[in-house]
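Enquirer: Sequence:
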Amino acid sequence: MTYPSLSPVTTTARRIKEMRPDEIADLVATDPRLIIPVGTCEQHGRHLPMGCATMIVEHLADDLSAEFGLLRAPTLEYGVNVTTERGFAGNASLRKKTLHRTLNDLLDTWESTGIKEFILLTAHEHDPHQEALSTVITTEARVRVVDILSVDLREFLDGQTEPMHGDEVDTSLMLFIAPHLVRMDLAEDYMMSRDELRRYRRGWLKIPSGSSGSIGRPSLATAEKGAAIYVRIRDRVRSRVFLAPEPDDDD
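Counting along the sequence shown from 1, when you hit position 228 you're at 221 in my numbering, and nothing is skipped either side.
No wet-lab data here; the hints were simulated from the structure.
There's no promise every hint is true.
[Unchecked claim] Lysine-lysine pairs mimicking BS3-like chemistry, simulated, CA-CA at most 30 Å apart: (1) K10 - K109; (2) K109 - K89; (3) K109 - K90; (4) K199 - K90; (5) K90 - K10.
Start from the sequences and build out the full structure, keeping to the hints where you can.
Expert: This is the structure in structure tokens:
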């Protein structure tokens, strides 16, 4: 399969933690949107780092911030983890209500200083995690939750039909973004049925003890596949969330 090429982003992300208050105020006056990457500190199999989901959304947040000149908030590196039948060293999870309250507090503070739209990016499809993000409350500001793994990626996958966890998708993305952190010699495939996957995402089924912490076929991952997947995700998110709609030809 021939994969599309990735056009580089040549400007710099506008990261709040690296900016002074007057710089931030000037940028908010120009465009009052804020990108917030929300990650997890969670196992994704023996072959991937704990911050896999975090690093993927951080990379995308930086690219979008640089391209559109938007503020990018410091990453919230903790989310609502999937439950597992056995413990994994390093795992750190928030309860759904804790994540929800944390985001409420943060968005309330930023809204009071002029932010009018929040764009929450996440690469974690666990329903309780998604619910914590989607129920955030603001006074007037718009909140948009973007699950970057909801993009249709079937054409790039050889052993799956959809994203799973520490799988062909996550592993390919990490081989593209941070190959030095991936141990392909430790990748282990572990498949679930569609019904098991549905119950797992809803929080009704734990990752079985027979799994190394991943679900799917990471052994089929490649960096080339990861670049193609990233292009698809970035293009879909930028066109649906960041670009103004084209004017109607009839107007």
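Enquirer: Against each hint, give a clear statement of whether it holds in the structure.
Expert: Hints and how they fare:
1. K10 - K109: holds, 19 Å
2. K109 - K89: holds, 25 Å
3. K109 - K90: holds, 24 Å
4. K199 - K90: holds, 20 Å
5. K90 - K10: The hint holds at about 26 Å.
Comparing the model with each numbered hint stated earlier shows that all of them hold.
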